[in-house]
Amino acid sequence: MSSVGLRLAASTSRAARLASVRTQACRVQARELHRRKDLPYPVEEGLGTFLPPNALKMIAEDYQQGLLDRLNDQVRGTALENKNIVQTVVEGARDPNKVLEFNYASEALNNSFFLECVKPPPANASSHEHALHNTLLERRIKYHWGSLAHFQSSFSAAALGMFSSGWVWLVTDKECRLGIMPTFGTGTLLVRSSKPSDALLEWQRISGQSVLPLGDDALPPPLAYPSAGSPPAPSSPVSGLSHSAPPLNPHTPARSVATLPKPPRTHAVEMDDEVNLKNLGNGVLYPLMCVSVHEHAWVSAGYGVWGKEEYLKRFWTVVDWARVSEIFKKVAPEQRR
Amino acid sequence: MALPLLRRGAASAARCSRSSVQASVVVNIRQNSSFAKVEETPLEAPEDWTNLQLKRAEYKSLIDTFSEYGSTQTRDNTFQPHHTLHRPVAPSDITLSALLASGAHFGHSHTRMNPNFVPYAYGTRAGITIIDLDHTLPLLRRAAQVVRGVAARGGSIVFVGTRADLRSTVRLAAERMGKQGYHVGERWLPGTLTNKVHMFGPDVARDEQVVPDLVVFLNPIPNIHAIRECALEHVPTIGIVDSNVDPRVVMYPIPANDESTRTAELISGLLSVAGREGVAIYHEEQAKAARAASRRPSRPREQHMA
Chain R
1 MSSVGLRLAA STSRAARLAS VRTQACRVQA RELHRRKDLP YPVEEGLGTF
51 LPPNALKMIA EDYQQGLLDR LNDQVRGTAL ENKNIVQTVV EGARDPNKVL
101 EFNYASEALN NSFFLECVKP PPANASSHEH ALHNTLLERR IKYHWGSLAH
151 FQSSFSAAAL GMFSSGWVWL VTDKECRLGI MPTFGTGTLL VRSSKPSDAL
201 LEWQRISGQS VLPLGDDALP PPLAYPSAGS PPAPSSPVSG LSHSAPPLNP
251 HTPARSVATL PKPPRTHAVE MDDEVNLKNL GNGVLYPLMC VSVHEHAWVS
301 AGYGVWGKEE YLKRFWTVVD WARVSEIFKK VAPEQRR
Chain D
1 MALPLLRRGA ASAARCSRSS VQASVVVNIR QNSSFAKVEE TPLEAPEDWT
51 NLQLKRAEYK SLIDTFSEYG STQTRDNTFQ PHHTLHRPVA PSDITLSALL
101 ASGAHFGHSH TRMNPNFVPY AYGTRAGITI IDLDHTLPLL RRAAQVVRGV
151 AARGGSIVFV GTRADLRSTV RLAAERMGKQ GYHVGERWLP GTLTNKVHMF
201 GPDVARDEQV VPDLVVFLNP IPNIHAIREC ALEHVPTIGI VDSNVDPRVV
251 MYPIPANDES TRTAELISGL LSVAGREGVA IYHEEQAKAA RAASRRPSRP
301 REQHMA
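Chains as they are written, first to last, in full-length UniProt numbering: chain R, 1 to 337; chain D, 1 to 306.
Just chain R, same shape as in the assembly (with noise of 0.2 Å):
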């Protein structure tokens, strides 16, 4: 047994050089708990015009700490202890009984997704569009959109059709398509349904958007392109089936959510169709930046309880473009020019 000193001695020079060699792997030495991520940007000062210091205080730090520490009392001694904030959602959704972990982690997890798209408007300009010039995302919204201000006008439509709380995204595919997609509730984009909610079809009929198709036989179809008005090819085994698509509201916007152009189409007949199913976009959707429709955001910011919509007026001030256009090469790296 060597003594303290030959330890000491041999723990400056051998140790020192072999503590890469030692266990490379992070010992757990205390319990973590979920907390707060820090914000990039500093709350003492608020978001411009959007967000005053208080009411940022309030949602960034009141409220996303009140969700984690409500998270952890309900984990505390369960399986879901050690689980990071996704995987917590991911199986609170798979389990009837665990409605309180997924509830909690989902608007968490939503919450610290929108201040992380946020940012303060910058010192010489009135907010960060300039970052989206000559980006792919400038590109892709002006196809599907024609304009920042139409899509801007289109978003805000939806977060504004919303009588419940909830999220508002900006989601793509991987085939690098746009989309408008409301959340509501407690909702994640995480997991998703095959059958649209009736909280999703009455947003639909309030603010005249079309979401993603997520299954044909529960949403109406489609509106009909002025271009296609061929009827079912001859061959096909419900060509006799009568299916008249419902007539265009000349009132409503531009859709919220692109499709690749295909003919009208019968039930039946595109069930066959591999093809087809891809062009509904019933893949993955990824998230590109979000709003928060809470009314504990504009009323606590000093808009009033009705003041919805000069909130999301001024929330174009403060949207962090350069963070959405990285997430969106991210995510999507296949460009179709």
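I should point out that these hints are in silico values taken from the structure, not numbers from a laboratory.
A portion of the hints provided could be inaccurate.
Stretch-level coverage of chain D by chain R, calculated; a stretch enters the list once three of its residues show a Cβ under 8 Å from a Cβ in chain R [unchecked claim]:
| hint | stretch |
| --- | --- |
| 1 | 48 to 61 |
| 2 | 64 to 76 |
Have a look at the derived ranges for each label pair, beta carbon to beta carbon [to be verified]:
| hint | chain 1 | residue 1 | chain 2 | residue 2 | range |
| --- | --- | --- | --- | --- | --- |
| 3 | R | L100 | D | H82 | 19 to 29 Å |
| 4 | R | D198 | D | R87 | 44 to 54 Å |
| 5 | D | R112 | R | L33 | 39 to 49 Å |
Every residue, glycine too, gets a C-beta built ideally from N, C-alpha and C.
Fit chain D to the supplied structure of chain R, relying on the hints for placement.
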């Protein structure tokens, strides 16, 4: 009040089936985007497997997009069940509470206690012998020193763990030691050391070293013949001895629970980390010797000519 999107969706998806027009037409087409549903479909054709892989990659991409938000708790900084296997404890960091948490103090039934084990027993409780971890910890550290010392002199070490749950443990322990680590996870073939020529062939038995310099047994009782062979061939042994075993069967006993997987993972991980340090020391010495040899000037030739 609008319910969360997914709760209604999950319930209604479970309830309603596809419309009758489609039910007879299609078997495999999945319209939903929830990955849970994709996982539940049975795979019937190779295309199904490819589709599953593609969907899985897409879903992983979505999870990665979301993973950096939410809270500070991540998969890396929390305890996950596989950490006992893949994140071994260093010999300098081993604590009594870690041994206790892995259940190293549970011995066998007190009626089966070997009289020679008494110095390492703390007492009896609930009909079983409780092993005194105050003795176990220094003996474990001593074993780590032995492993490090053998490896630092270029010795080869074999980890033996012949149970299903010990297989991956000994494999990883041997991998940590590089060229100097070996493992036996299936069955120790009788005669490996005492019948070398037959087992390895005359050329290998003659030219190479087939007898290891140290053998570590994670479950000594089923491998008693291997221990005997090591004794016959004068190979030092380290082993986890439980309360029903005479500690003198191995040279460096570690009194601990031999039935617990986590104890075995903890102990073999610790010994293999010590072994890895020894291997590093050995390589360092080799490199130093090589540098010294290359710097030594070649004098003899010039003296001879003069």
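Checked hints:
no.: 1; hint: 48 to 61; in the structure: holds (count 4)
no.: 2; hint: 64 to 76; in the structure: holds (count 11)
no.: 3; hint: R:L100 to D:H82: 19 to 29 Å; in the structure: holds (28 Å)
no.: 4; hint: R:D198 to D:R87: 44 to 54 Å; in the structure: holds (48 Å)
no.: 5; hint: D:R112 to R:L33: 39 to 49 Å; in the structure: holds (44 Å)
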